[in-house]
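Visitor: Sequence:
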Amino acid sequence: MKANLPFKHIITVKNGKQYVVFDYRDGEGKRKRKWVTTGLPEKCAKKALNDKVEEIVAEFYENYLNGNVTKTDKPTSNIPQVKVSANAGDLANMLFGDYVYYWYNTAKSTFSYNSVIEYEHFARRIREYFDEKYPGLKLNEVTGLHIQQYYNDLHESGRKYSTVRSYHAYLHSAFKYAVKMDILLGNPTEKAQLPRKEKREPTFYTKDELEKLLDVFKGDRLELVINIAAFYGLRRGEIIGLNWDSIDFENKTMTIRRKITGSYKNGIGEYLHIDNELKTESSVRTLPLIPRIEKMLRERKELEEYYSELLGDDFDRTYDGFVCRDNTGKLITPYYASSHFRIVIRNAGLKHIRFHDLRHSCASLMVANGVPMKVVQEWLPPPRTPLPSRYQCSKSPKRVR
21 MKANLPFKHI ITVKNGKQYV VFDYRDGEGK RKRKWVTTGL PEKCAKKALN DKVEEIVAEF
81 YENYLNGNVT KTDKPTSNIP QVKVSANAGD LANMLFGDYV YYWYNTAKST FSYNSVIEYE
141 HFARRIREYF DEKYPGLKLN EVTGLHIQQY YNDLHESGRK YSTVRSYHAY LHSAFKYAVK
201 MDILLGNPTE KAQLPRKEKR EPTFYTKDEL EKLLDVFKGD RLELVINIAA FYGLRRGEII
261 GLNWDSIDFE NKTMTIRRKI TGSYKNGIGE YLHIDNELKT ESSVRTLPLI PRIEKMLRER
321 KELEEYYSEL LGDDFDRTYD GFVCRDNTGK LITPYYASSH FRIVIRNAGL KHIRFHDLRH
381 SCASLMVANG VPMKVVQEWL PPPRTPLPSR YQCSKSPKRV R
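Read in order, the letters of the sequence shown correspond to residues 21 to 421 in my numbering.
Hints in this document: simulated from the structure, not taken from any laboratory. Some hints here could point you the wrong way.
[Claimed, not checked] DSS-like mimics (lysine-lysine), calculated; alpha carbons at most 25 angstroms apart, straight line: (1) 128 x 50; (2) 371 x 227; (3) 200 x 211; (4) 67 x 350; (5) 217 x 28; (6) 66 x 28; (7) 158 x 200; (8) 128 x 238; (9) 217 x 196.
[To be verified] Label pairs and their calculated CB-CB ranges: (10) 49 x 347: 52 to 60 angstroms; (11) 183 x 127: 14 to 22 angstroms; (12) 234 x 355: 20 to 28 angstroms; (13) 59 x 240: 47 to 55 angstroms; (14) 200 x 226: 46 to 54 angstroms; (15) 183 x 53: 27 to 35 angstroms; (16) 132 x 372: 28 to 36 angstroms; (17) 79 x 363: 40 to 48 angstroms; (18) 144 x 374: 22 to 30 angstroms; (19) 355 x 144: 15 to 23 angstroms; (20) 157 x 59: 38 to 46 angstroms; (21) 59 x 175: 42 to 50 angstroms.
Ideal placement from N, C-alpha and C gives every residue a C-beta, glycine not left out.
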């Protein structure tokens with residue numbers, strides 16, 4: 021990404037092809053996204069890709085200045101388009117597997133980026149299940165018993181409650197649309213029960229365990245990422261989404277305003293998505309720069325400038341402006357952060373926790389040091405459920421408002 025341009029862009033792979041994705045605002049200030057194919061396959065020469073990207077960015081910039089950016093060349097989804105008439109009776113007699121895809125294609129313009137990827141997966145899996153177990157089942161023939169059996173089979177196959185709930189959310193919305201459009205009289209998902217929710221005790225590190233963890237990651241590519249997670253309790257995507265324009269060394273603050281998420285699709289590779297606007301107001305917050313983190317950030321910035329000059333054209337500038345990159349300029353991706361974290365703590369003989377559990381560890385330390393629960397919840401918003409009072413873990417600095 022280029023920090024000095026009036027728009028942002030990334031290089032990503034979809035359906036085995038290299039694309040440049042532009043994120044910009046139109047003349048009315050509305051956020052837009054444009055996909056431009058490079059015409060190159062996923063595996064191609066780096067120089068050829070860089071040359072093509074420079075050409076595409078230059079052309080986009082010229083069109084942007086002239087107000088000619090209109091068309092969105094987004095690659096097509098793997099979900100097939102199901103052509104049907106607008107007659108409610110015809111839709112009611114549609115095969116249920118076809119309707120699952122029909123609703124996805126109808127509603128996907130309202131989904132977030134992550135939901136598009138997730139729901140495409142759900143649509144495929146739901147159709148596979150019902151086509152195999154209930155071949156020929158039509159939309160108006162689906163009952164609460166069918167849905168209940170599906171939930172039961174998901175649960176018995178080892179799916180967690182949260183996974184079953186996600187499939188339920190997809191189906192509930194699909195049937196809700198059918199009721200709204202007078203295709204069906206009722207929503208069969210409302211007659212089915214979700215499996216019992218598993219009780220999961222939060223896993224976290226104690227103060228001593230955290231000190232060992234930070235020591236293990238000294239000099240590692242993830243050192244800065246792990247330290248920020250431990251001291252601030254930020255989510256993985258929030259850390260990787262930190263930009264230098266979010267770091268105010270003069271006023272010693274750090275603002276959380278964007279995130280980067282990654283997802284895998286069809287085994288091709290990790291797709292990265294930048295959310296420049298977080299979901300809730302409470303997610304956007306300004307926090308004080310802890311001296312330890314400030315020192316690490318200054319060192320990281322100096323190293324970045326050094327390697328950028330040293331490597332020249334070989335320095336990866338795709339994500340210019342982002343904090344969490346390695347010495348070659350490559351962004352530390354969400355998947356790499358989690359997988360590398362898991363490998364390092366296993367090799368070091370540390371207690372197994374997830375990367376996300378560093379968030380719980382931070383909360384635990386704050387509570388153990390007398391920080392009021394309300395302050396903890398403001399520091400780590402937005403909690404899906406109330407933070408348990410049994411958290412025990414080092415005092416965190418007071419939040420800057």
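Visitor: Under the constraints set out in the numbered hints, which ones does this structure not fulfil?
Guide: Numbers 5, 8, 10 and 13 - these are the hints that the structure violates, sorted from lowest upward.
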